[in-house]
Amino acid sequence: MKVVVLGPSAFSLINFRGDMLAAIIAAGHHVVVSAPGGDRSSTSALAFLGARFEAVSLSRTGLNPLADLGYLISLWRLFRKERPDVLLSYTAKPVIFGSLAAWIAGVPRRASMVTGVGSALGDYSGMHPFLSGLLRFLYRLGLLAADTVFFQNPDDERFFREKRLVRTHHRVFQIRGSGVNLKRFRQAPLPARSPFVFLMVARLLRDKGLFEYAEAAQAVHSRFPDARLQLIGPMDPNPTGITSGELEVLLRRGGLEYLGEVADVLPHLESAHVFVLPSYGEGTPRSTLEALAVGRPVITTDVPGCRETVVAGVNGWLVPARNSDALASALMHALCSKHLDQMADRSRGLAESRFDVHSVNLVILTALGLCCQPPPGATPGM
673 MKVVVLGPSA
683 FSLINFRGDM
693 LAAIIAAGHH
703 VVVSAPGGDR
713 SSTSALAFLG
723 ARFEAVSLSR
733 TGLNPLADLG
743 YLISLWRLFR
753 KERPDVLLSY
763 TAKPVIFGSL
773 AAWIAGVPRR
783 ASMVTGVGSA
793 LGDYSGMHPF
803 LSGLLRFLYR
813 LGLLAADTVF
823 FQNPDDERFF
833 REKRLVRTHH
843 RVFQIRGSGV
853 NLKRFRQAPL
863 PARSPFVFLM
873 VARLLRDKGL
883 FEYAEAAQAV
893 HSRFPDARLQ
903 LIGPMDPNPT
913 GITSGELEVL
923 LRRGGLEYLG
933 EVADVLPHLE
943 SAHVFVLPSY
953 GEGTPRSTLE
963 ALAVGRPVIT
973 TDVPGCRETV
983 VAGVNGWLVP
993 ARNSDALASA
1003 LMHALCSKHL
1013 DQMADRSRGL
1023 AESRFDVHSV
1033 NLVILTALGL
1043 CCQPPPGATP
1053 GM
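Residues 673 to 1054 (the numbering used here) make up the sequence shown, in order.
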């Protein structure tokens, strides 16, 4: 069969869906991937896998209806040209407009992957109610054209059902995020205790808990001046993204060490003692799964998507969202803990038992009819 996978960027397709694309190709199917633009490195990596890249125009965060209509038409033309048997789309605009365009073009199977409720769609962002309502309307419209929906945590599925964004005709599956490649992200021993290193990896968005992390870093550094509280991640045009000026203010306060955007996060995970993600909500954060696989205790928030990655007191700590004091307390507790080695082993065990990328991909491929083995523990919803 021919499968089109629609995402927000070529980098996202290779970085977050590369293992899934490889599994589809290995099962004997033809894969076309589509996203805006495409840097040479990402498109070359996709070609090496055996996936053909088709660029389309998309403003990922814009609200221009003419631009979105152009995106819808471009996708319709793509589907009419390629005649795929299956569409799999993920993130908001590819899900909404990809599903509609595929339905209009007559694509037989149309699947959507919800990778998080997001700042505009959820109730936690402070976004203007009109914008949240508009996005929910668009999601409802787009998902009406889909037949299969994947969720990365039970809270998001509950939210979509409560808001009537998924209906009785949908086949609904739970998957554990995008999974993590346990061979690439192998467990590494914890480094020497001094200096003690905390690491946060995230796009520079307010709703990733960036300001709370900066405030907690100040508090920790005032008591433990040798501790290093590191941050890795790119700037982002999202409405909740911070500006370079705001970042500079956070860094001037002291305690926070910004390493910029890096091509390979693995060496930084191996050099850290504890991974931190104080997000307001996620699908299932890939950065945390990679930290689990490397064997790092995790401090994260007790919110959808994040809470699935920590068994409190076993492999890490859960704290309330938007609470820099609680976060600082957890950071200092971890810094003084005598049980980090045991927690590190349990993080790796959690990655192996719950988040192996091959298990996640088996659920996806089976649900899409791309292989015949029944997905373990995945029952279609009603």
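Bear in mind the hints are in silico, worked out from the structure with no lab data behind them. In this text, a Cβ means the ideal position worked out from N, Cα and C, and glycines have one as well. A portion of the hints provided could be inaccurate.
What follows is a set of in silico ranges between Cβ atoms, one per label pair, in the way DEER data are often shown [what the hints assert, rightly or not]:
1) P911 with R752: 55 to 65 Å
2) V986 with G709: 40 to 50 Å
3) H1011 with R752: 50 to 60 Å
4) V983 with F720: 15 to 25 Å
5) L738 with D908: 19 to 29 Å
6) E918 with A984: 44 to 54 Å
7) A699 with A727: 24 to 34 Å
Does 15 to 25 Å hold as the CB distance between V983 and F720, or does it fail? violated, 37 Å
Confirm or reject the claim that L738 and D908 have a C-beta distance inside 19 to 29 Å. holds, 24 Å
44 to 54 Å was suggested as the range; check whether the CB atoms of E918 and A984 agree with it. violated, 32 Å
Regarding P911 and R752, is the given constraint of 55 to 65 Å on their beta-carbon distance met? violated, 33 Å
Quick check: does the Cβ-Cβ distance between V986 and G709 fall within 40 to 50 Å? Given range 40 to 50 Å: holds, Cβ gap about 42 Å.
Is the hinted range of 24 to 34 Å satisfied by the C-beta distance from A699 to A727? Roughly 26 Å apart at Cβ, these two residues keep to the hinted range, so it holds.
Given the hint of 50 to 60 Å, check if H1011 and R752 actually sit that far apart at their C-beta atoms. Once the Cβ atoms are compared, 58 Å apart, the range 50 to 60 Å for R752 and H1011 holds.
Checked against the numbered hints given earlier, this structure breaks hints 1, 4, 6; the rest are met.
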